[in-house]
Structures are given as C-alpha cells and as structure tokens.
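Asks: Residue-level listing of the chains:
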Amino acid sequence: MHNWEELVRQRLAGLDLDAAEKEEVQAEVAAHLEESYEALLKEGVTEPAAVQRALSQVTNWRDLQRRIFIAKRKGHFMKKRVYQLWIPGFLTLILSVVLQMMLQRLGFRVRIVGSGPNAILFYVPWLAGLPFFGALGAYLSSRAGGSRGTMVLASVFPVLALAGAFLLLFPIDVVVKWIIGSKVDSFAIVATTILRDGTGWLLLPGASLLAGGLLGQLLLSRGPSSQHTAIGSETTHA
Amino acid sequence: MIGSGIKRGTAELAVLSVLQDGPLHGYELARRIEQQTNGALRFTLAALYPMLYRMEQQRWIRGSWETSANGRKRRCYRLTPAGKKKLSPLQREWAELFDALQRLTKAAHA
Numbered sequence: 001m002h003n004w005e006e007l008v009r010q011r012l013a014g015l016d017l018d019a020a021e022k023e024e025v026q027a028e029v030a031a032h033l034e035e036s037y038e039a040l041l042k043e044g045v046t047e048p049a050a051v052q053r054a055l056s057q058v059t060n061w062r063d064l065q066r067r068i069f070i071a072k073r074k075g076h077f078m079k080k081r082v083y084q085l086w087i088p089g090f091l092t093l094i095l096s097v098v099l100q101m102m103l104q105r106l107g108f109r110v111r112i113v114g115s116g117p118n119a120i121l122f123y124v125p126w127l128a129g130l131p132f133f134g135a136l137g138a139y140l141s142s143r144a145g146g147s148r149g150t151m152v153l154a155s156v157f158p159v160l161a162l163a164g165a166f167l168l169l170f171p172i173d174v175v176v177k178w179i180i181g182s183k184v185d186s187f188a189i190v191a192t193t194i195l196r197d198g199t200g201w202l203l204l205p206g207a208s209l210l211a212g213g214l215l216g217q218l219l220l221s222r223g224p225s226s227q228h229t230a231i232g233s234e235t236t237h238a
Numbered sequence: 001m002i003g004s005g006i007k008r009g010t011a012e013l014a015v016l017s018v019l020q021d022g023p024l025h026g027y028e029l030a031r032r033i034e035q036q037t038n039g040a041l042r043f044t045l046a047a048l049y050p051m052l053y054r055m056e057q058q059r060w061i062r063g064s065w066e067t068s069a070n071g072r073k074r075r076c077y078r079l080t081p082a083g084k085k086k087l088s089p090l091q092r093e094w095a096e097l098f099d100a101l102q103r104l105t106k107a108a109h110a
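If you read the sequences in order, they're chains F and V. Its first residue numbered 1, the first sequence is counted upward by one per residue in the working numbering. Its first residue numbered 1, the second sequence is counted upward by one per residue in the working numbering.
The set of hints was computed from the structure by calculation and includes no laboratory data. Treat the hints loosely; a few may be bogus.
[To be verified] Straight-line C-alpha distance at most 30 angstroms; calculated DSSO-like pairs for lysine-lysine: (1) V/Lys73 <-> F/Lys42; (2) F/Lys22 <-> V/Lys86; (3) F/Lys80 <-> V/Lys85; (4) F/Lys79 <-> V/Lys84; (5) V/Lys84 <-> F/Lys22; (6) F/Lys22 <-> F/Lys74; (7) V/Lys85 <-> F/Lys74; (8) V/Lys84 <-> V/Lys73; (9) V/Lys73 <-> V/Lys86; (10) V/Lys86 <-> F/Lys79; (11) F/Lys22 <-> F/Lys79; (12) F/Lys22 <-> F/Lys80; (13) F/Lys74 <-> V/Lys73.
[What the hints assert, rightly or not] Derived coverage of chain V by chain F (criterion: at least 3 residues anywhere in the stretch with Cβ under 8 angstroms from a Cβ of chain F; other residues may be distant): (14) 36–46; (15) 70–82; (16) 91–101.
C-beta: ideal position from N, C-alpha, C; glycine also.
With the hints as constraints, model all of the structure from the sequences given.
Replies: Here it is as structure tokens:
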C-alpha cells in the first residue's frame with residue numbers, strides 16, 4: 001500500500017495557503033492519486049507501473065503548486081483589496097467631497113493666506129473635519145483585516161485621488177493650450193499653481209486625513225485585536 | 001494549436017455539464033468526462049484541480065467533504081445556482097461555434 005498522503009504532503013509542502021486549506025488540498029490530491037492507482041491495479045497493471053502511471057499525471061509539482069495557489073488566491077486577493085482599500089477609500093473620498101460641498105453651501109469660504117505667488121489656500125472647517133474621515137477609512141480597512149499600510153492608504157485616499165487628477169489635468173491643459181494656440185503658462189506659473197493648489201488641496205488635507213488615520217490606528221491597536229474579525233472572513237469559502 | 005481560452009472554455013463546459021447530473025468528486029469527475037467524450041477530453045490531476053479551485057472561487061461549483069459507502073472521505077463538487085446560470089449560455093455559445101465551424105468546413109469541401 002502506497003502512502004499517497006505522505007508523498008503529496010512532501011511534494012506540495014511549499015503551498016502557501018493557511019494550514020487547514022493546505023491540508024485539504026493535499027488530502028484531495030492524495031485521494032485522487034490513490035484512486036488512479038487502485039483503478040490501474042484493477043486493470044491488471046503491476047504495482048510499480050501503477051505508481052508510475054498515477055504519478056505521471058503531474059509532471060511538475062512546483063508548477064501545480066503555483067497554479068493551485070493562484071486559483072485559490074485570485075478571488076481572495078481581489079476581495080481583500082476591495083474590502084480593505086477600495087470601499088474604505090472611496091467612502092472617505094465621498095464623505096470628504098460631501099463635507100466640502102456642504103460647507104460651501106453654508107457659506108464657508110476658502111481663506112487665502114499670503115499674497116502673490118506665495119499665497120496658500122486654507123479651508124479651515126473642511127480641514128478640521130477631515131481627521132474624522134481619515135479615522136473612519138482606517139477603521140473600516142482595519143475591520144476588513146487591512147495592514148497598517150493599507151489603513152494609511154485608505155485614510156488618505158481622497159488626496160491620492162485628487163493628486164492623480166492633478167497629474168492628469170496639468171499635461172492635458174498644456175497640450176490643449178498648445179493645440180489651440182493659446183499661450184502656454186511658463187514653468188514659474190505652473191510651479192506656483194502646483195505649490196498653491198498642491199498645498200491647499202493636497203498637502204494640508206493629506207496631513208489632516210493622515211492625522212485622523214493614525215489616531216484611529218492608535219485607538220484600534222489599544223482595543224481588542226481587529227485582526228480576529230478579518231481572519232474569520234478569510235477562511236470563508238465559496 | 002488550440003488556444004488556452006478555448007481549452008479553458010471547453011474544460012469549464014465539460015465540468016459544469018457533468019456536474020449537472022449530480023455531485024462528484026475530482027477523480028470521478030475526470031473519469032466521467034473521459035468516458036462521456038469517448039476519451040476526447042482527458043483531465044490529468046494537474047489540469048483538473050487548479051480549474052476546480054478557480055471555478056469554486058467564481059462560485060460556479062461548491063466543494064464539500066463527504067464520506068463514501070466504503071468509509072473514504074472525498075471532496076465532492078456540486079453545481080451552484082450561479083453555475084447553473086453560467087451553463088446554459090455557455091452551452092449555447094459552444095453549440096453556435098461548432099455549428100459555424102461545421103458550416104465552414106462543409107462550405108470548404110463543397
């Protein structure tokens with residue numbers, strides 16, 4: 001009697017799944033090999049030949065290990081990314097935008113500090129509200145099992161999205177002006193605009209969101225571990 | 001040379017079609033497909049399990065451990081409602097493709 005379980009355990013030892021899931025895969029593959037082997041014996045094939053033929057179904061164990069890992073983890077990674085980053089991040093972004101719109105309706109105006117090229121935009125009530133959203137983003141990411149890095153990304157997501165839009169719009173603006181023959185802004189004007197808008201709309205809100213996110217992380221790390229919630233969702237199968 | 005997309009499509013169709021008749025474990029599933037296609041479709045272990053796990057992630061099939069009459073534990077796969085939903089358009093698409101290919105080959109020989 002061949003010990004298929006031991007053989008498969010050795011060949012699939014490097015399978016990077018949780019212990020229970022790995023054991024399940026090994027048991028399933030071993031059962032398949034065992035059935036193939038027994039069927040071959042019933043057909044009258046000699047034992048060494050049956051072992052050889054059963055094993056010939058896998059020519060590259062490392063490749064099988066890799067393909068099983070990808071198959072098992074593909075949906076898992078995507079699901080994790082959605083719950084740990086995209087949902088908390090977009091919620092933080094939406095709430096930040098809604099708060100800004102509400103403040104503008106209520107009559108709070110952007111304050112410009114300084115004059116000329118060194119003027120910096122300050123939207124104080126908005127900046128004061130952002131730490132709450134940063135903390136919320138970090139909390140939701142943490143609930144879904146997000147790492148510290150993912151929690152930070154989720155909390156500062158609104159400024160990342162805005163920075164992306166900035167980076168996209170500046171070259172488009174230059175190209176459009178060049179096409180229509182309008183005077184392209186000099187480097188000094190572009191640099192001043194980046195400095196002013198970048199500080200007012202990116203750096204300060206980013207710092208505000210990050211402060212909330214870090215505070216949220218600090219409070220969460222003091223409470224009962226949020227990782228337990230996540231582990232439960234990780235082991236859920238289809 | 002058959003492209004990987006076509007291979008994957010036929011393999012998925014085969015698995016879903018066979019599971020339509022009832023739950024089966026991996027070895028039995030591969031054996032049924034081979035029998036029902038007169039050996040035209042054959043799944044080795046290395047090809048079968050990554051595909052079953054992928055289809056499980058897509059929630060087309062669901063695997064659960066069951067004990068057979070001889071006391072052996074086997075992971076049996078069954079079709080989910082999503083898998084049933086996936087099967088009918090897949091069958092139609094493949095039938096259309098084979099019809100088209102048949103018409104093409106008939107036209108070429110005429």
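Asks: Does each hint fit the structure? Answer for all of them.
Replies: Hints versus structure:
no.	hint	in the structure
1	V/Lys73 <-> F/Lys42	21 angstroms, holds
2	F/Lys22 <-> V/Lys86	28 angstroms, holds
3	F/Lys80 <-> V/Lys85	26 angstroms, holds
4	F/Lys79 <-> V/Lys84	23 angstroms, holds
5	V/Lys84 <-> F/Lys22	28 angstroms, holds
6	F/Lys22 <-> F/Lys74	16 angstroms, holds
7	V/Lys85 <-> F/Lys74	22 angstroms, holds
8	V/Lys84 <-> V/Lys73	26 angstroms, holds
9	V/Lys73 <-> V/Lys86	29 angstroms, holds
10	V/Lys86 <-> F/Lys79	21 angstroms, holds
11	F/Lys22 <-> F/Lys79	20 angstroms, holds
12	F/Lys22 <-> F/Lys80	19 angstroms, holds
13	F/Lys74 <-> V/Lys73	27 angstroms, holds
14	36–46	holds (count 3)
15	70–82	holds (count 5)
16	91–101	violated (count 0)
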